[in-house]
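Peer 1: The listed protein sequences derive, respectively, from chains A and B.
Those letters in the first sequence? Residues 3 to 325, per our numbering, in order.
Those letters in the second sequence? Residues 15 to 668, per our numbering, in order.
Please keep in mind that the hints were generated in silico from the structure rather than gathered at the bench.
On a predicted model such as this, the values are computed, not experimentally measured, just so you know.
Idealized CB from N, CA, C, for every residue including glycine.
Take these hints with a grain of salt, some might be off.
What the hints assert, rightly or not - Calculated lysine to any residue pairs in the SDA-like style (CA-CA distance at most 25 Å, straight line):
{"no.": "1", "chain 1": "B", "residue 1": "Lys467", "chain 2": "A", "residue 2": "Ala49"}
{"no.": "2", "chain 1": "A", "residue 1": "Lys153", "chain 2": "B", "residue 2": "His290"}
{"no.": "3", "chain 1": "A", "residue 1": "Lys153", "chain 2": "B", "residue 2": "Asp284"}
As the list claims (entries may be wrong) - If you want the ones that stay clear, here's a sample from chain B, every Cβ over 12 Å from chain A, calculated:
{"no.": "4", "residue": "Ala260"}
{"no.": "5", "residue": "His282"}
{"no.": "6", "residue": "Ala285"}
Claimed, not checked - Cβ-to-Cβ under 10 Å is the rule here; a few derived chain A residues that face chain B:
{"no.": "7", "residue": "Glu61"}
{"no.": "8", "residue": "Pro164"}
{"no.": "9", "residue": "Gln193"}
{"no.": "10", "residue": "Phe242"}
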Amino acid sequence: MSVQHYQSIFGNASIEARQFNTLFVIFLAVCAVMYAAVIAFMLVALARRRRGGRANVMEDGRHHESDPALRTGLIGWSAVVATGLVALAIASFVADRSMASTAARERLSLTVTANQGWWDVQYIASDNSKMIRTANEIHLPVGVPVRIYLKSNDVIHSFWVPSLAGKQDLIPGRENDITIVPRKVGLYRGQCAEFCGTQHAKMALVVQVEPYSDFIKWWERQLQPAAAPATPLAKAGYDFVTSRNCGACHAIAGTPASGTVGPDLTHFASRRTIAAGSMPMGEGNLYGWIADPQSIKPGTKMPTIGLEPNELHSVVAYLETLK
Amino acid sequence: MNELERVKAEDERLARERKKIARDGPKLNGAKLEARLERTWRRPAGIVGWLATVDHKEIGRRYIVTALLFLALGGVLALAMRVQLAQPDAALISPGRYNELFTMHGSTMMFLFAVPVMEGVAVFIIPLMLGTRSTAFPRLNAFSYYMYLFGGLMLWVAFLLNIGPDIGWFAYTPLSGPQFSAGKRADIWAQMITFTEVSALAAAVVLVCTILKTRAPGMTLARMPLFAWAMLVVAVMIIFSMPAVALCSSMLISDRLIGTNFYNAAEHGDALLWQHLFWFFGHPEVYIIFLPATGFVSVITETFCRRPVFAYPVVVLALISTGILAFGLWVHHMFATGLPRVGYSFYTSASMTVAIPTALQIFCWLATMWDGRPRFPVPMLYVVGFIITFVIGGLTGVIIASVPLDLQLHDTYFIVAHFHYVLIGGAVFPLLGILTYWFPKITGRMMSETLGKIGFWTMFLGFQLAFFPMHFAGLLGMPRRVYTYPAGLGLELPNMLSSIGAFVVAAAVVLFVVNGLYSLYRGAIAPPNPWGASSLEWATSSPPPPYNFEHIPVVETRTPLWDAHGELPVVTGLRVDEKEILLTTVVAAAPDLREPVPAASLWPLIAAIAVGVLFVSSIFSPWAVVFGAIPAAIATAAWFWPKELKRHPEPVIS
Numbered sequence: 003m004s005v006q007h008y009q010s011i012f013g014n015a016s017i018e019a020r021q022f023n024t025l026f027v028i029f030l031a032v033c034a035v036m037y038a039a040v041i042a043f044m045l046v047a048l049a050r051r052r053r054g055g056r057a058n059v060m061e062d063g064r065h066h067e068s069d070p071a072l073r074t075g076l077i078g079w080s081a082v083v084a085t086g087l088v089a090l091a092i093a094s095f096v097a098d099r100s101m102a103s104t105a106a107r108e109r110l111s112l113t114v115t116a117n118q119g120w121w122d123v124q125y126i127a128s129d130n131s132k133m134i135r136t137a138n139e140i141h142l143p144v145g146v147p148v149r150i151y152l153k154s155n156d157v158i159h160s161f162w163v164p165s166l167a168g169k170q171d172l173i174p175g176r177e178n179d180i181t182i183v184p185r186k187v188g189l190y191r192g193q194c195a196e197f198c199g200t201q202h203a204k205m206a207l208v209v210q211v212e213p214y215s216d217f218i219k220w221w222e223r224q225l226q227p228a229a230a231p232a233t234p235l236a237k238a239g240y241d242f243v244t245s246r247n248c249g250a251c252h253a254i255a256g257t258p259a260s261g262t263v264g265p266d267l268t269h270f271a272s273r274r275t276i277a278a279g280s281m282p283m284g285e286g287n288l289y290g291w292i293a294d295p296q297s298i299k300p301g302t303k304m305p306t307i308g309l310e311p312n313e314l315h316s317v318v319a320y321l322e323t324l325k
Numbered sequence: 015m016n017e018l019e020r021v022k023a024e025d026e027r028l029a030r031e032r033k034k035i036a037r038d039g040p041k042l043n044g045a046k047l048e049a050r051l052e053r054t055w056r057r058p059a060g061i062v063g064w065l066a067t068v069d070h071k072e073i074g075r076r077y078i079v080t081a082l083l084f085l086a087l088g089g090v091l092a093l094a095m096r097v098q099l100a101q102p103d104a105a106l107i108s109p110g111r112y113n114e115l116f117t118m119h120g121s122t123m124m125f126l127f128a129v130p131v132m133e134g135v136a137v138f139i140i141p142l143m144l145g146t147r148s149t150a151f152p153r154l155n156a157f158s159y160y161m162y163l164f165g166g167l168m169l170w171v172a173f174l175l176n177i178g179p180d181i182g183w184f185a186y187t188p189l190s191g192p193q194f195s196a197g198k199r200a201d202i203w204a205q206m207i208t209f210t211e212v213s214a215l216a217a218a219v220v221l222v223c224t225i226l227k228t229r230a231p232g233m234t235l236a237r238m239p240l241f242a243w244a245m246l247v248v249a250v251m252i253i254f255s256m257p258a259v260a261l262c263s264s265m266l267i268s269d270r271l272i273g274t275n276f277y278n279a280a281e282h283g284d285a286l287l288w289q290h291l292f293w294f295f296g297h298p299e300v301y302i303i304f305l306p307a308t309g310f311v312s313v314i315t316e317t318f319c320r321r322p323v324f325a326y327p328v329v330v331l332a333l334i335s336t337g338i339l340a341f342g343l344w345v346h347h348m349f350a351t352g353l354p355r356v357g358y359s360f361y362t363s364a365s366m367t368v369a370i371p372t373a374l375q376i377f378c379w380l381a382t383m384w385d386g387r388p389r390f391p392v393p394m395l396y397v398v399g400f401i402i403t404f405v406i407g408g409l410t411g412v413i414i415a416s417v418p419l420d421l422q423l424h425d426t427y428f429i430v431a432h433f434h435y436v437l438i439g440g441a442v443f444p445l446l447g448i449l450t451y452w453f454p455k456i457t458g459r460m461m462s463e464t465l466g467k468i469g470f471w472t473m474f475l476g477f478q479l480a481f482f483p484m485h486f487a488g489l490l491g492m493p494r495r496v497y498t499y500p501a502g503l504g505l506e507l508p509n510m511l512s513s514i515g516a517f518v519v520a521a522a523v524v525l526f527v528v529n530g531l532y533s534l535y536r537g538a539i540a541p542p543n544p545w546g547a548s549s550l551e552w553a554t555s556s557p558p559p560p561y562n563f564e565h566i567p568v569v570e571t572r573t574p575l576w577d578a579h580g581e582l583p584v585v586t587g588l589r590v591d592e593k594e595i596l597l598t599t600v601v602a603a604a605p606d607l608r609e610p611v612p613a614a615s616l617w618p619l620i621a622a623i624a625v626g627v628l629f630v631s632s633i634f635s636p637w638a639v640v641f642g643a644i645p646a647a648i649a650t651a652a653w654f655w656p657k658e659l660k661r662h663p664e665p666v667i668s
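Isolated chain B, as found in the complex (with noise of 0.2 Å):
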């Protein structure tokens, strides 16, 4: 037998194997198609299945409800500091104590809720949107859960057995640096960073692949949701601007565990080297948390006006643009470093050029509003209240670009108000407005209306009266960081207000989670489609079953439940016995690949808590990175170990 003909015959068995395979189609469809998907794709009984699962949505539930948690925990130090602030000269809190919640509210707050819960929300929304059974890189997914989970219980323990850091969420050297901070404070922190950057990564990568690849057939990037577009745009900033954080933090562990002097002034080290390479990460993470809020107002204001959002193109190339300015703008948090004045001129006007593209996206949004027939549902009043927050913040942003303004209100109360506007009024009233209008697709029952909008107005009002009062403190002459101010500088009456806002607002966040907890069990059960939505997540039941659909829907617009009349076209063909899901080209998303799916497995977890060991003991000895990469090495080896392949990745059609 020549070779040829060897290859042939392989061929034919092959062709023979794929035979036997059962995939869905016109023979099998129905109870009985979704009974075969249900056997393949649930996660495995018991305790072990519910560690080891690599389902996308309860990954993205746990995420979300960790971050959630973590959100509720930062809260409470703000509260505690607002307590302390409310009146003048209060000694109820020490400086050092001061000093502790303060960092652990902005470090908590920036990284282990903001983005966590965007990720979070990404990850679980995202594969449903794009209408296919899972995201890629599974295991990778559960691995990015774990780390984060673990980074942000050893900054919270660490907290707890008062070893928590005190150097502010920025740690700015020298004051980190191991002249001016003894003992473990600040290398909890750095390490926390750690944490974050290898699940902020690894998150990033799996929402890259999962938007380019894994769309379903007919949706090309210019007909894909522009929630996806936010998530894609924001997982490349995470993946350019990580890196610099992952720097400059690693050059600090070792300055303080080895005594290298990278930031040594006396030792030819640089102390602002830390600030260019931190705010090289630290002004992208700002619209890292901005832009999928600008998803969520994108989706909810399409659901609610009855027709796509205006210019699509526009905004699609605003949350581009928006992602390539981010980066040159980090020396506008550096004005008062005093830097050459050719530098000054050139970042005040980067500044400035990044609140175009955010006044366009505005303006297309308004613009739906306009050529639509807006509905105000809990969602929606979300929105409202976020344009008239959030344009504020974006304002007084462009006020703080310019050198001479900034150099005055640069560290002090104004900024801390800017931020919380852009944060809390851009970002957060979004997420409650996307969690409320998610809620039926993630747990199958509505949120209550009544108690969702007296959440709103309590939170909205509660926000102004919290934050607008810090720009008149910031004028007066407040700095930020600062655990008391004397009497007599009229800064009295604007703490006090934010001091009662702050409750204000913490009771609109208890009325959110009662809201939450209560519709859990006794909400109105959700159909697939509540809000007469477009996007394919609204295609299958609420919530979805664990292989998100019997069939890969086709796409034919940007909004395809709007255009299909009667059934949503579909293709068939993907095996059911097995984990499988569809590729599809990265822009035409034309069919590709049918590409196996892996199965649940506990060794992320273990490499997980194999890389967390490793982390968390370097804190106390740089040997530990040596010993510690042992078991985590043998538990990345298990988790990628070669199988057998039972099979070739397959050409679509056969």
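Next comes chain A alone, as it looks inside the complex (with noise of 0.2 Å):
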């Protein structure tokens, strides 16, 4: 996969990234053809007189009169457009109902529920404790039709991963979903396309998706909960966010913090971006979010603390170890 297409909308991923391109090709094709036609006509229309020749104009008193063809190319001209227009809107069509009968065979469920500056995750089992939650990532089984339900937990959002699908809007109050059939194992870029408030910009997240037995595999990590600190340094950091408010926002499964306001962090390292697709994960980058996310994503509601440097390492060692 080229870099380029991470989040392009040719990246062509899923059977509905499949069906808009060829879509966007017809429509495309019809509108060039009809801009070559209007330009040829205007091109000819200026020249035409450099030659001199008769011209129905108020000079030679004739300005009342026109050129008997030109109504002819009138009618010509609406027929043609017209049928163009008929023939796009049954293509809409058409490949409208065939995106919408996919929707009916999904095997795979989640909900995506946005706040503003970050997606939450749940994936949908019939058995409760099979139940998994995650943020800013989402990963999928290749081949498999997935249903995602969009809500939103304040403002409006929308749900957009270009190469995979076209946009859905996360609406409070209101319950949206979307149907995808992903088709090319690869990572994807999304990111939210509706304006959400001052970090609508950095509210991207990261779709993986990889072959069925990689995917249950995931899953099944996701569903331990976080391992107990190993190293002296983990375990102040441990104490450190155990003790200190970070869990009266975020989660870790297996411990006391089960706050549900910011991202469920019980297997925060082993995602891909750190603060909604804004960095990638690495340690550098973690230091640099954890000591001063408001200089990173101004507007964020992870706030500035003023950590001193020990409780830094440690709380950045701890974070590590999440896996």
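Build the complex: two chains, separate frames, hints provided.
Peer 2: Structure follows, in structure tokens:
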């Protein structure tokens, strides 16, 4: 996968995205022909009088007359435009219905709940103990129709992973859904597409499409609670995180931290990005983010709390254990 | 004396009185008539007269100049955004500030530039084009301008005081509601909308009545200039669309100010209600901006192809059907909100249908070029630039009318490219053309052709450089309204090109202003009809005297100045000692009544101040609506205070 298609509409990574491509090419071709016709007509119309010749103009006293051929032309032009539009409308209708028809066949479903600045992700399972919760990162098995339910906790957002599907809004008080059949393994980036406040620009997510077996392995790992810290430094970080206010917003399964205002951190370090796609996951970025979130993502709900250097070391060390 | 005799005696007395009234006619014409009319119609002297004027030409000029100043301000904001977006991960502008910038840019361009400038041009030129001395309701016209000015000033003063809105020009709830936008920023936006609504509605009423009732005798609806048709349709659209935005912004204000829950889903309100109401106004708004521009294109094409626009009835029907269809499209702004699929199909078809009247208009202009003998001074260059640019915007509009395509392209830079092609290519290009074209009528001097041509090419090429790459930015996944974007998505090149292009466009605007200012003082003196045009505004001097025409012209064809062999036929008999205009019938434009025109007055200004104080203070307290209504009521009562009628409106034949 080329880097260029990481967030491109032409990523072509799902059946829906492929249908989009076909339809887009049809529209583009018809529109290009229409445009060429208009410009050609204009150029000829502007150029033909340079050679002189009869014109129905006021100087010749014939300005109330007009070339009879133009009347035929007008009728022909109306017919061409109407036919073109009807053809495009039919193509659009067919594509729309065919995308809708996959909706009945989903075999996996999850709920994405938008919050100002980040995405909450919950995988639905018939057995409650198999449900998992994560944030800002979605894993999907290739070839499996998946339905994503879309909700919002605050304002209107829009779920958009261009390589996989068109966008769908997440609206408080309503529930939307979208069905996707991923067809290419790969990593795809998406981001919020409805203006949602200060950090609309840095409200991104990544979608990992992977073989079914990998997906099941990932799910099983997500089901595990957080491991107990092994090193003294990580233990100090654990103590800080659980004794201070981190747990008021964040949850880490298997610990007292159980907030739901911010992203679930149980398997935080296994994710690819920090702060809803703002930065790649890595020790350096993690230091920067924990030390001063407000300078990295101004306006984020995560406060800059002014950690001492030793506290910062220990918190980062603990978070890195949350694989 | 019985009743009958008394009536008869009174009639005779009135007839004697009428005989004493000075009117234009064979006995009163030439220099003597001009002097009398000048004395009657000129505005009162001094600063008070300047503020009190109800002359449509002065109000129109103020509208145009104010709107162009807001264009410049909105443009500066655009440049600031383009500097920030020129490179990925830039940090010149903070996210909060950037959100203010695009909110102010959109609001300024839509509400304070695009609509008012069209109204301003119309207020200036329509009475001249129709062959009358004044607009209908000239005081309402003045009131409309002052309300517009105060709304714009309030928004920009708030921005400079760092309480400018940051919720987007569309102000979606619940983001703009009390739960998510504390402070006064959203209220400032909503009240600016209120000012603009009042102003636009007032201007629309003035235009509808002017166009329907003050046309020169003989100018039947079928002979009316196409620009007047366009403005008639637009004014009616304003009257039908503004109530929707008035409703939704009032409900927003009430949610914010007195705790109603129209948009609060948690209290059984509905966040989507806003979008339906806003776009029921917002989509017609686009055509309110675009249709006047089609009128400009018709005017310029006719004059410089030396023949009337081909298939006049088709163009008129296209204008009317666009005006009607525009009200059935709003849902295409909401394809991603999860509506029923049948609704999707309906609004896809409706959105595509609106391409038909526009395609017909384009054919008619091209056919006019085909059948005429085109010349290429600056206004005509803008028409050619308009066709090349606008048609791209129209066709990308067809693309995004399709639901599956729109779900990808919606809210991306592809849309930003699309509507700038439509609004700049489709409306600003014709506007710059028409300002060049009517500059001699407005100022009495010609604009420089050389500077104009350089300006056109700078504008045309700069525009393409700025906005064409945005299509690609959108296809590569760049959403709108983001203050930055990460490196590595392929967005660097299109954004850098757009930023360079934006500065080229800015240079073209500066060139236009320089040309305007230079020509104002140094331009060639304009004769009455420098372009050899056909419509009535060219039948009087440049600039026109306060009374517009010595005698009211009579119209026998669609192109009166091209068909009048020798002198233009006129009617006489309007008073010259008091301001009076001739009203004609709606369809046939047969002489109907002689109507007195109100004198200059300060009350429209005072009423606008009173209403403005009410609007601004109601941002802070609901009681302002109660107490603020008192001065507003006093001002309007004084404005409409009944005066002793010196006479009744008179029939035309006396």
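Peer 1: Next step is simple, just say for each hint if it's right about the structure.
Peer 2: Hints, verified against the model:
no.: 1; hint: Lys467/B x Ala49/A; result: 19 Å, holds
no.: 2; hint: Lys153/A x His290/B; result: 20 Å, holds
no.: 3; hint: Lys153/A x Asp284/B; result: 14 Å, holds
no.: 4; hint: Ala260; result: 23 Å, holds
no.: 5; hint: His282; result: 8 Å, violated
no.: 6; hint: Ala285; result: 6 Å, violated
no.: 7; hint: Glu61; result: 6 Å, holds
no.: 8; hint: Pro164; result: 5 Å, holds
no.: 9; hint: Gln193; result: 6 Å, holds
no.: 10; hint: Phe242; result: 29 Å, violated
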